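Student: Listed below, chain by chain, are the residues.
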Amino acid sequence: MDAFTSHTGIGVPLRRSNVDTDQIIPAVYLKRVTRDGFEDGLFSAWRNDPTFVLNNPAYAGGSVLVAGPDFGTGSSREHAVWALQNYGFRVVISPRFADIFRGNSGKAGLLAAQVDEKVVQRLWDLLADQPGAEITVDLESRTVRAGEGVDAIEDSFDIDDYTRWRLLEGLDDIGITLGHEADITSYEAGRPSWKPVTQHA
Amino acid sequence: MGRTLSEKVWDEHVVRSRQGEPDLLFIDLHLIHEVTSPQAFDGLRLAGRAVRRPDLTLATEDHNVPTIDWDKPIADPVSRTQVDTLRRNADEFGVRLHPLGDIEQGIVHVVGPQLGLTQPGMTIVCGDSHTSTHGAFGAIAFGIGTSEVEHVLATQTLMQAKPKTMAVTINGSLPAGVTAKDMVLTLIAHTGTGGGQGYIVEYRGPAIEELSMEGRMTVCNMSIEWGAKAGLIAPDQTTFDYIEGRPEAPKGADWDAAVEHWKSLRTDDDAVFDEEVVLDASVMTPFVTWGTNPGQGVPLGAAVPFPDDFDDAQDKVAAEKALEYMGLTAGTPMREVKVDTVFVGSCTNGRIEDLRLAAEIIQGRKVDPDTRLLVVPGSVRVRLQAQDEGLDVIFKEAGAEWRGAGCSMCLGMNPDTLEPGERSASTSNRNFEGRQGKGGRTHLVSIPVAAATAIRGTLSSPADLEPLAQPVTVGSN
Ligand code: SF4
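The listed protein sequences correspond, in order, to chains A and B.
Once you know that position 46 of the first sequence is 136 in the working numbering, the rest is easy, because the numbers rise by one and skip nothing.
Once you know that position 206 of the second sequence is 197 in the working numbering, the rest is easy, because the numbers rise by one and skip nothing.
In case anyone wonders, no lab produced these hints; they're calculated from the structure.
Computed from a predicted model, the values in this text were never measured in an experiment.
Careful: at least some of the hints might be erroneous.
Stated by the list, open to error - Calculated lysine-lysine pairs in the PhoX-like style (CA-CA distance at most 25 Å, straight line):
#  : chain 1 : residue 1 : chain 2 : residue 2
1  : A       : Lys285    : B       : Lys357
2  : B       : Lys387    : B       : Lys357
3  : B       : Lys387    : A       : Lys285
4  : B       : Lys312    : A       : Lys208
5  : B       : Lys329    : B       : Lys387
6  : A       : Lys285    : B       : Lys254
7  : B       : Lys155    : B       : Lys(-1)
8  : B       : Lys63     : B       : Lys387
9  : B       : Lys254    : B       : Lys242
10 : B       : Lys(-1)   : B       : Lys153
11 : A       : Lys208    : B       : Lys357
12 : B       : Lys329    : B       : Lys242
13 : B       : Lys153    : A       : Lys285
14 : B       : Lys329    : B       : Lys312
To be verified - Label pairs and their computed distance ranges (CB to CB):
#  : chain 1 : residue 1 : chain 2 : residue 2 : range
15 : B       : Ala293    : A       : Arg232    : 42 to 48 Å
16 : B       : Glu311    : A       : Ser246    : 30 to 36 Å
17 : A       : Gly260    : B       : Glu83     : 52 to 58 Å
18 : A       : Ser246    : B       : Lys153    : 21 to 27 Å
19 : B       : Pro238    : A       : His270    : 31 to 37 Å
20 : B       : Asp299    : A       : Asn146    : 28 to 34 Å
21 : B       : Pro238    : A       : Arg232    : 48 to 54 Å
22 : A       : Gly127    : B       : Ala41     : 38 to 44 Å
23 : B       : Gly163    : A       : Glu278    : 22 to 28 Å
24 : A       : Gln289    : B       : Pro411    : 43 to 49 Å
25 : B       : Pro197    : A       : Gly260    : 35 to 41 Å
26 : A       : Gly260    : B       : Glu392    : 31 to 37 Å
27 : B       : Pro90     : A       : Glu278    : 50 to 56 Å
Idealized CB from N, CA, C, for every residue including glycine.
Construct the complete structure from the given sequences, taking the supplied hints into account.
Tutor: The structure is reproduced here in structure tokens:
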């Protein structure tokens, strides 16, 4: 996984709460067996609507999505994260993320930055006034910055320490865990014999 | 200080714990299906890694398999590739697989309990958010993403930060005709879809203890619909009786040792939960959703709400959008909402008790001529059991479609989908926009409401049905 320190890109306002995983990518798009190509399915139902934000050329090439609360509820499909990444998003900003979505983002290298609801409202206002404005998300200092002068927005975002460290270092979880293999082996040796197995010798 | 049930199960699985890092948890059972696993196996292959514990791993095909013509090659080439990929991966990595056509095939959350693989005190994961179903046995069970699937395959562990604990206590007893599904829909409307965020929830109290294992699975299944990490119920005699004698249940001295341990899996009297919700089952009624998330529900006897009924500004906007998508007018009595398709099935309500209850209501009656009723058993075993009991005949005589096992219209990945604008009453767990097919409109309902709705063609409960000349009973055991 690539290390993530700071990212600056065009902000895309998604003025909706409770954006569930079926909206991010409907199940019919989940049939691929690779990790790429899911951008077609991203927000597919809404993309038919010419007024949908991703169809607005001002936000073309956007890479920082600014969404309402409870983003990513529903299914465990990591395809939701891949679809956002395949489309070009590096960061999603929201006042509240669903747990599984947040976990999946951390594993796949998409930054899920949790901010105060007021910050989202200010970013939405800024992006409506100045479509195409850029947002900087700095993981090192955990800050979100956008705009200039009196309207400038600068605030902190929440992310747990461990996910932040892994993203900054670009570390692969499996590699870290396999470093503790001796602990796993000794745990296995102590499991009760009546625990179920799926294959019998 | 005492510990809660979930803390006890958690502590028993900690492989490694360090301040400031998530715990490394051992996983007792890893369930796999065709949709969320291909990229995980691919990752293993690229890194030259093996599956650490194939003997704690089980795969089946459920999400995109057809429920008609399942003995023929799958018509949709992309679905076929996904299923073929699972078969190749299972073979290459030595994983036990129950493919389409196998007697143990079915929805992964129906298959685990039915085989007796789901037992109290376990940690169970699957690349599917409704893994919470298995919590009904007193297990910590939750859904994971594909990167985590790969992690479990390679290490049989997961890194997890310890969630907070919540108790949902349900006092009283459910009135006749009100089910576990109504109970959980009522709870979600009460808490909102984000209410459980960050918690492992323990469902407890007399109304929970009175539920059958199948009812408990229905409740735990929908834990994720109000945002909970997992939901679980302390194991008791009902749990032990359900497990005993199943193919993978412990036997002989192992059984005694297991039960002795399972009996210790209860929240201590002096344990403290971080949060508590208390509800009264005796005032619950049949409950249905009107909107596009599982928290947007009302009693069947109520009307479609007005956006202005909501205090919160976000909730108002969400209600407006939901009403527009659902094609509903505020103030319309729910009972007047006309339904095109009724779906009975899914890991929420696709088990044998569900089908028996549906058949009992439907027997001797006919499905409304403008309404389609699709009955999809949760597994091949459920299907065969239902056929042994003659339930299939009851459904078919009433004019319903009797299908093969799988997820089917719950998520519409196979050909079973709603058309744009088509309205369903569904016993599944999600009413998101487009969940059952692009433009489809879903009302989540219980089994009795689904059955009565199929007969009347509008959202209904069995109390709305004309009495039959002769009362009937269904099921031999
Ligand atoms: S029945 Fe529905 S909710 Fe259950 S596993 Fe299948 S798709 Fe998921």
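Student: For every hint, state whether the structure bears it out.
Tutor: Results for each hint:
1. A:Lys285 x B:Lys357: violated, 47 Å
2. B:Lys387 x B:Lys357: holds, 10 Å
3. B:Lys387 x A:Lys285: Given that 25 Å is the threshold and the Cα spacing comes to 42 Å, the pair is violated.
4. B:Lys312 x A:Lys208: The hint holds at about 22 Å.
5. B:Lys329 x B:Lys387: holds, 22 Å
6. A:Lys285 x B:Lys254: OK: Lys285 of chain A and Lys254 of chain B at ~15 Å, within 25 Å.
7. B:Lys155 x B:Lys(-1): holds, 13 Å
8. B:Lys63 x B:Lys387: holds, 23 Å
9. B:Lys254 x B:Lys242: Measuring from Cα to Cα gives roughly 17 Å; hence the hint holds.
10. B:Lys(-1) x B:Lys153: holds, 12 Å
11. A:Lys208 x B:Lys357: Given that 25 Å is the threshold and the Cα spacing comes to 55 Å, the pair is violated.
12. B:Lys329 x B:Lys242: violated, 51 Å
13. B:Lys153 x A:Lys285: Within the cut-off at roughly 23 Å; holds.
14. B:Lys329 x B:Lys312: holds, 20 Å
15. B:Ala293 x A:Arg232: 42 to 48 Å: Holds: the Cβ-Cβ distance is about 45 Å, inside 42 to 48 Å.
16. B:Glu311 x A:Ser246: 30 to 36 Å: Roughly 33 Å apart at Cβ, these two residues keep to the hinted range, so it holds.
17. A:Gly260 x B:Glu83: 52 to 58 Å: violated, 29 Å
18. A:Ser246 x B:Lys153: 21 to 27 Å: With Cβ atoms ~24 Å apart, the hint holds.
19. B:Pro238 x A:His270: 31 to 37 Å: Given about 34 Å between the Cβ atoms, the range holds.
20. B:Asp299 x A:Asn146: 28 to 34 Å: Check passed, 31 Å falls within 28 to 34 Å.
21. B:Pro238 x A:Arg232: 48 to 54 Å: holds, 51 Å
22. A:Gly127 x B:Ala41: 38 to 44 Å: For Ala41 of chain B against Gly127 of chain A, whose Cβ atoms are near 28 Å apart, the range 38 to 44 Å is violated.
23. B:Gly163 x A:Glu278: 22 to 28 Å: violated, 44 Å
24. A:Gln289 x B:Pro411: 43 to 49 Å: Holds, since Gln289 of chain A and Pro411 of chain B (Cβ atoms, about 45 Å apart) stay within the stated range.
25. B:Pro197 x A:Gly260: 35 to 41 Å: Given range 35 to 41 Å: violated, Cβ gap about 52 Å.
26. A:Gly260 x B:Glu392: 31 to 37 Å: Distance hint for Gly260 of chain A, Glu392 of chain B is violated at roughly 51 Å.
27. B:Pro90 x A:Glu278: 50 to 56 Å: Given range 50 to 56 Å: violated, Cβ gap about 29 Å.
When each numbered hint is compared with the structure, violations occur for hints 1, 3, 11, 12, 17, 22, 23, 25, 26, 27.
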